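Residues per chain are reported as follows:
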Amino acid sequence: MKKFVNDPQQFVPEMLKGIELANPGTLRYVPEYNLIMRADAPRDDKVSIVQGSGSGHEPAHVMVVGKGMLDAACPGDVFSAPPSDYVYETTKLMRSEKGVLHIINNYTGDRMSFDMGRELAEAEDIKIATLIVDDDVAVKDSTYTVGRRGVAGNFFVIKAVGAASERGAELDELVKLGERVNSVTRTMGMALTSCTPPAKGSPLFELGEDEMEMGVGIHGEPGRRREKLANANAIIDELLEAVVSDLPYGSGDEVALMINGLGGTPISELYIVYGHAHQRLADRGIEVTRSYVGEYCTSLDMAGASLTLVKLDDELNELFDAPAEVAVRIF
Amino acid sequence: MKKFVNDPQQFVPEMLKGIELANPGTLRYVPEYNLIMRADAPRDDKVSIVQGSGSGHEPAHVMVVGKGMLDAACPGDVFSAPPSDYVYETTKLMRSEKGVLHIINNYTGDRMSFDMGRELAEAEDIKIATLIVDDDVAVKDSTYTVGRRGVAGNFFVIKAVGAASERGAELDELVKLGERVNSVTRTMGMALTSCTPPAKGSPLFELGEDEMEMGVGIHGEPGRRREKLANANAIIDELLEAVVSDLPYGSGDEVALMINGLGGTPISELYIVYGHAHQRLADRGIEVTRSYVGEYCTSLDMAGASLTLVKLDDELNELFDAPAEVAVRIF
Amino acid sequence: MSKTALSQAELVVRVIAQTAVGNETYFCELDAVVGDGDFGYSLARGFEVVLGDWDAMEYSDVGGLLKRTAVTLSKRIGGTSGPIWGTAFLRAGGVLTNVTDPGGADVIAALRAAIEGIKQRGSTDLGDKTLLDALVPAVDELEAALGEGAGAALERAAAKARESAEATKGMVAQRGRAAYTGERSRDSVDAGAIGVAVMFEAVTKAWREAGLELA
Amino acid sequence: MSKTALSQAELVVRVIAQTAVGNETYFCELDAVVGDGDFGYSLARGFEVVLGDWDAMEYSDVGGLLKRTAVTLSKRIGGTSGPIWGTAFLRAGGVLTNVTDPGGADVIAALRAAIEGIKQRGSTDLGDKTLLDALVPAVDELEAALGEGAGAALERAAAKARESAEATKGMVAQRGRAAYTGERSRDSVDAGAIGVAVMFEAVTKAWREAGLELA
Ligand SMILES: Nc1ncnc2c1ncn2[C@@H]1O[C@H](COP(=O)(O)OP(=O)(O)O)[C@@H](O)[C@H]1O
Ligand SMILES: Nc1ncnc2c1ncn2[C@@H]1O[C@H](COP(=O)(O)OP(=O)(O)O)[C@@H](O)[C@H]1O
Ligand SMILES: [Mg+2]
Ligand SMILES: [Mg+2]
Ligand SMILES: [Mg+2]
Ligand SMILES: [Mg+2]
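Chains as they are written, first to last, in this note's numbering: chain A, 1 to 331; chain B, 1 to 331; chain C, 1 to 215; chain D, 1 to 215.
It is worth saying that the hints were derived from the structure and are not from the lab. Note that this is a predicted model, so its numbers are computed, not measured. Just to be clear, a hint being listed does not mean it is correct.
Stated by the list, open to error - As a list, the in silico DSS-like pairs of lysine-lysine whose alpha-carbon atoms are at most 25 angstroms apart:
no. : chain 1 : residue 1 : chain 2 : residue 2
1   : D       : K67       : B       : K92
2   : B       : K228      : A       : K2
3   : A       : K92       : A       : K46
4   : A       : K140      : C       : K169
5   : D       : K119      : B       : K140
6   : B       : K140      : D       : K169
7   : A       : K140      : C       : K119
8   : D       : K75       : B       : K17
9   : B       : K17       : B       : K2
10  : B       : K17       : A       : K311
11  : D       : K3        : D       : K205
12  : B       : K92       : D       : K75
13  : B       : K127      : B       : K176
14  : B       : K176      : B       : K98
15  : C       : K169      : C       : K119
16  : B       : K46       : B       : K127
17  : A       : K67       : A       : K92
18  : C       : K75       : A       : K92
19  : C       : K75       : A       : K17
20  : B       : K46       : A       : K2
21  : A       : K92       : C       : K67
22  : B       : K176      : B       : K311
Chain A extracted, bound-state conformation:
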């Protein structure tokens, strides 16, 4: 396993410790509950925004805690939702007069943990609301009743809701806003290689030298089908078609375009992907007015990328423009 790792079971705690050390004064690591929080949270004049999910998706979400984004992230182990107890304790730590907002990617484990954690916290009279992100078009709602997954699109939900919360928006307003962002956000991803979880020490699945997996989730779970490896433009055309036709986005729309690397793909390639996607959208009369190229929601060291579109309007533009201060300066 070609990784910087000491004890695989300490992979997440050691990473979180590193984040705290690199951000003294602004971020705090709470080892008991595997949690990264803003040093100045919670505040009673601001809804606390909390996201949890498995680890291995960094910078999501432990590295996007900060002013204008998350107040806390409670990650589980690599690719495992956090135990419900962590959700409960994080929620208690983030208790605010104005409430706590849970943002969850629509995965079975995450939903169950947050459900249980919410039940426990509500028993202590904490006001909680939940936002489910499910931007992944690879999974058809109709085919699998577990519904679409939440993937890289959650950055736009976090950014919008985080910005609005800084201005004192109420919990129910944030839920409405987040649902609105989610409803105009669509993503599809694909993997060129598998990834290697530190505790497993070997690739999670096998992908032949001439194969790729279209429609993967953020752990490499399949969504559509395994195909013969194609060149960059052909791959992008396929991702774009799936995304554009889903909402659909149409001529005259202004959109944000995110090309998200899955961890093992260099940023040089992501810009090749971006350039072609941008031009193909222009061909359809869809104008990209905001661009995001880099790693947002990864799958450890997987080579691959996802493409996200968000239909913009004045309110969203203004929220996406708002300042944000996070460990990785990606917004």
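With chain A held as given, fit chains B, C and D with the ligands onto it using these hints.
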């Protein structure tokens, strides 16, 4: 080859086109000379800062063109210094009353191209000065007369010089400043895997499953020795010892610590590396007051990392704090 | 509360915990085929705390033991398995709380409550290709065979669990990560179902070796 | 300027260019052992433009042909090879500018100027394990054998280039990327030196096939 690539020969141009499309209004791509420049450069009240090197090190340097950093980057093909003609044309485009500063990593090809390009441009009465960055402690000056290589430490040189140039510093002041930053900056890197240049289509070199290469340059060229794969802490201890003992940095010093990923290592691992390095430095009485964790100067998709220390003082702190606006927001 | 019932329950919980810890790699491999390969890791991380805290756990009856176990699992296990297994132990413990001398019927009632808890927590049912597809037939068998004595009934239940778990091969997953693979999930067994079978087999073996019969 | 001298020079430059383009992969592989694997790519990208622009190139003598080639190479080739090969062609072209009828001695003078240019540009000399370690002995041999006629002299020079290039195996690189590998560079030949040998061989073969002697 598990890459997003169409025609390998168009790898760099397609990437540069993507950068321009993602940064309309602020960056311009000049296809004739393979060049990324600030849309508002050159200015006669500011020395133009230009860096060139091979491609494959992104975000270095084409993605750090912008206010407070570079005015232009003229990259060559993957791992090849730019042709001297590109250096010449870039320099002409960046001509300013106050002069043009070339920043070069100390590699044979880069130095030769810039030497020739400078000769050609000086023949047209352009005022030019050159800064050589050679922060890599893996190569001993005494052993190889080509001297130390310039690697990830060049970010600190660019940042300081870029900030000072925005305030109108003169060409000779910038040279002095850059040399001073270079003189307090030391780096050592190591590779866990090889990388795959798109035109080659297969790994550049072989590294066994249980091997690692200590002291690599930014193309994976060896510097010290091949060793048996070790755990994260042991690797960091070795990098740190080499760097700290070289300047040397001592108790009471304040330093910037950069953990730079080489392209294929996820940021989760980089924070594990960071955390241990930070604590070991504290053990020696060296205080990390600025931290940089992420990808700065990469080798395509190579797994591995480099560690850079910069001895800080008030002037440097102030320059590193200055705002910078680049495509990848890493500073 | 008869000492015997409690120590039998302790044996069962310990064996389940040891089985989880001992099969970490195997359970991970099963989950890696169409899941994300962490099922064994998750269970092991939870149950190793159950074993480590064993002497410090405070309870006075079988219900208490199961509820303490549930709390530890919920605290430590993330992913799907934490809520699922935590809920199962919690509901079973609820049924056996203040039951002075739990007999066969009580055990079956506890197991049925666990099953209901899993269905509810996972919004799932028999046939979705989850651990329920081994657990439900095994509990049915256990109930039907109780008259033959606990040891024999356990043996029949374990055989049924194994048979049912193997039969998940051929089913299409409707829940959990495996569901995303759609038709491709048909070619492999469900990790959770095999986990249940392995645990039934281990409990049965330990039961026989301890020479026990139901209190 | 005799038509013959110019067309002979054109033959030589064309063959060098074709050899560079035809050996892209091979030269890359040589450079990958202790370098960065782009030597063949760099040469091919430069010389394919030389071939592509062939008909549009404007020159009136051998010096002009070599200088035009130099400019194209400097424009297109990055890395170490652009400045090195560009300088070599430029200096050789300088010597042959305004030479009405270049003979054997002029060719040797041009090659010596190219060698000096490389030494200067690369701050290098014989023994540093670069292309000079094939080029210098080959030019020495060519000069010594000129009396035997151009074809025979070329043949001896090519053999010498090959022998010297192979002998770079065993040398420790002092320049270029290979220098970073230190002792490890000893086990392989220098890519540039082999490149020079392959080109001498190709030119010799083409010369023979064309039935030429020096004008
Ligand atoms: N919705 C559900 N309800 C009940 N059990 C489920 C559900 N989804 C999955 N399972 C069971 O959990 C097992 C996987 O557990 P685990 O690997 O911990 O989950 P995750 O998918 O979160 O990694 C599956 O093999 C299956 O038996
Ligand atoms: N300083 C130098 N002077 C002359 N020739 C050199 C020098 N350094 C390297 N070379 C030659 O160049 C060859 C490598 O060329 P190339 O691969 O294009 O360079 P780079 O190292 O920049 O990738 C070497 O095999 C050697 O023959
Ligand atoms: Mg999981
Ligand atoms: Mg090169
Ligand atoms: Mg799993
Ligand atoms: Mg090379």
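Cross-check of the supplied hints:
no.	hint	in the structure
1	D:K67 to B:K92	holds, 23 angstroms
2	B:K228 to A:K2	holds, 12 angstroms
3	A:K92 to A:K46	holds, 15 angstroms
4	A:K140 to C:K169	holds, 24 angstroms
5	D:K119 to B:K140	holds, 23 angstroms
6	B:K140 to D:K169	holds, 24 angstroms
7	A:K140 to C:K119	holds, 23 angstroms
8	D:K75 to B:K17	holds, 21 angstroms
9	B:K17 to B:K2	holds, 22 angstroms
10	B:K17 to A:K311	holds, 24 angstroms
11	D:K3 to D:K205	holds, 21 angstroms
12	B:K92 to D:K75	holds, 15 angstroms
13	B:K127 to B:K176	holds, 16 angstroms
14	B:K176 to B:K98	holds, 15 angstroms
15	C:K169 to C:K119	holds, 21 angstroms
16	B:K46 to B:K127	holds, 13 angstroms
17	A:K67 to A:K92	holds, 20 angstroms
18	C:K75 to A:K92	holds, 15 angstroms
19	C:K75 to A:K17	holds, 21 angstroms
20	B:K46 to A:K2	violated, 45 angstroms
21	A:K92 to C:K67	holds, 23 angstroms
22	B:K176 to B:K311	holds, 16 angstroms
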